[in-house]
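So the protein sequences, as listed, match chains A and B. Residues in the first sequence are numbered consecutively from 1, following our numbering. Residues in the second sequence are numbered consecutively from 1001, following our numbering.
Please keep in mind that the hints were generated in silico from the structure rather than gathered at the bench. We treat Cβ as the ideally placed atom computed from N, Cα and C, and that holds for glycine. Each hint should be verified, as a subset may be incorrect.
To be verified - Pairs of lysine to any residue residues, derived as SDA-like cross-links and limited to a Cα-Cα distance of at most 25 Å, are as follows:
{"id": "1", "chain 1": "B", "residue 1": "LYS1002", "chain 2": "A", "residue 2": "GLY574"}
{"id": "2", "chain 1": "B", "residue 1": "LYS1002", "chain 2": "A", "residue 2": "GLY277"}
{"id": "3", "chain 1": "A", "residue 1": "LYS314", "chain 2": "A", "residue 2": "ARG285"}
Stated by the list, open to error - Stretch-level coverage of chain A by chain B, calculated; a stretch enters the list once three of its residues show a Cβ under 8 Å from a Cβ in chain B:
{"id": "4", "segment": "237-246"}
{"id": "5", "segment": "253-261"}
{"id": "6", "segment": "461-474"}
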Amino acid sequence: MRTEPRPHTAAGTYAGPRELLQVNLSTRTWLRASLTDEVFADALGGVGLAVRLIDERVRGPIDPLGAENPIVFAAGPFASTPVPAANKHALATISPLTGLLNEGLSSSHFSAVLRRCGLAALVITGVADEWTTLAIDGDQIRFEDASPLVGLSAREAAKSLRAAYGDRSLRVCAIGAAGERGVRFASVENDGRQAGRGGTGAVFGAKRLKAVALRGKGEVSIADPRATAALSAALRERALGPKTAKYRVLGTGANLRVLQRMGQLPTRNFTAAQFEGAENVTPERARESNGTYLELRAGCAGCPVQCEHLYVRKERDRRAAAASEYESVWAFGPNCGVDDLDAVLDAIARCDELGLDTISTGSAIAFAMECAQHDLVPRSAFGAELRFGNAAVLLPAIDAIAERRAGLGDLLADGVRAAARRIGRGAERFAMHCKGLELPGYEPRALPTYALGLATCTRGACHNRAATYDRDLRDPSAERDDAARALDAIAAEDRAIAWDSLVLCKFVRDCFDDFETEAAALWSAVSGLPLDAGGLRAAAQRTWERKRAINARLGWSLDDDTLPERLFAEPVAGGPHAGRRVDPEYLRALRAEYESLRASSAAFV
Amino acid sequence: MKVELYGMARALAGVAHVTLPLDDPVALNDFLRALAEAAPALVPDVIAPSLDALVEPNLLLLDGRRALRAGETIRCEDNPCVLFLASGG
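Modelling step: build the complete structure from the supplied sequences, incorporating the hints.
Structure below.
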């Protein structure tokens, strides 16, 4: 197993913003440096650049909530250019939930302004003495008192800062109350978008960093404006076509009906794969309600898809509208056995307000419900009865987690892995996580390649990094050999890294005829650095190698690449895939194939 | 033959399922032509204008659990479903 990536050199001049700003909150000092062409040729941007910067700084075990843990913002290299669906940035740190590398993405205006401040990346270390807003105002850096913002949601904090600056164009990334209190799956929000998974919000909180505020109006240079405009126009046109129709018309919540029909909808903490109340909580039901619900649309700056569909009952204040993304609806609906759409939408809105990752929060509550069912935790812990299907317990449970209220709230705020260890008495069998990160809403027992991808993913159970479910879902019953599945898992991981380094929204992934060739051409036109399809694959592979090298230094071992015990021991109950489970020997064989192929990785370049 | 529609197919057709006047077994091309006739709104976003294929990422799964094999015909008891799977949000 190689543990250090191969180097790469540049053959051109990078056109975009190239400044690296390093801020130390303990000493209130900062350092500006210019990244070289070689860095961009090697890592591209976004996740690739963020991972490289973490790799350079994390050379051994560290405390994720300690001063030395860096928070890295790395701009997408297409942000603030005409490239559609690309105003995005990566946000990387060492996760307090998994103890391993965590690289998330967020998007919209903040990402664009990061580059207009001349920045390719921002690295924050140290711990502030008091709650602080880091203000990057053109060339000026300020450490501002954030104590008046404490307790506010990210949205309210942004509003307050804009009012204080008298500038509605100020862009703010902030945490809510959950991050302040160190909930290990607290999110970070900007422009209504969240970097949700892995607890980056808790790292902000540990640094007493409430917000990062940006104001910048600098020009972002493009190497070949004419070629960029032509390629961008073609992508924009395709992004308005049938390949993204689902996102534009229905949103990702439309997956609920589909996965229910396929028997792939994890239900009641993965004790079933179909939910009898699924139809009641599908966001399509709100859309089809003949005016009972108000539908609002939102999306990222510069994106033609505008994928977000928010719903609220018509008689309520529209500010209570909640995003109806599939994973969030699944987490509080089927996974908690709740068939009340209003309760599910309110739970999502409350998580956004408090700054909590919806997948981990819903999973923590589902875990607690099952523990209560087996008398491992008190059923009255949150007032309303803690049991599957009880919609009334969702909001009290969310509030208790966000407040780290003594008892079960505080316990769950550390994630299901840590909570299960503290509860003991067999609670581990109800903790649905990989490497500490809670599982998303797909049924791994009926999706073998996806199961492999979840096990090997460097981030833990992340469907967006180990995006192997796409291939499996196209034919869940297909017989395929181990090598083909391992190859698919590797290709899916590396392709996700390429997307996340460029950074392009994955919702336009079907808009390319030949993604690697077309994306490489786009990179070359924007950046001025030559790249072809093979070069893009090699860059992705280098980043994967860095991810694994970082994790190895943090204590990861191959034994950690596994799945929750339930998926091995308990077959799917009912539905089209009844009786299926993950055979541990089969997973072991797939992992061996995966490791063998990764070791001979030159085959992929 | 009853065909279940999900996602964009259902949104465009305005119904959860359509019944095709077909005797089984039926080849994929005949199936798609009949589906396009029964639900014209599915062309061109779900069914290609040539009426011989679904537009990616729409797909046909039998009983929601397996794809049609090469040369295989479709029977009523297969419970064909037209789905749209792309995700990742």
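Checklist line | Violating hint indices (sorted, rising) | finding: Nothing - there is no hint that the structure violates, so all of them hold.
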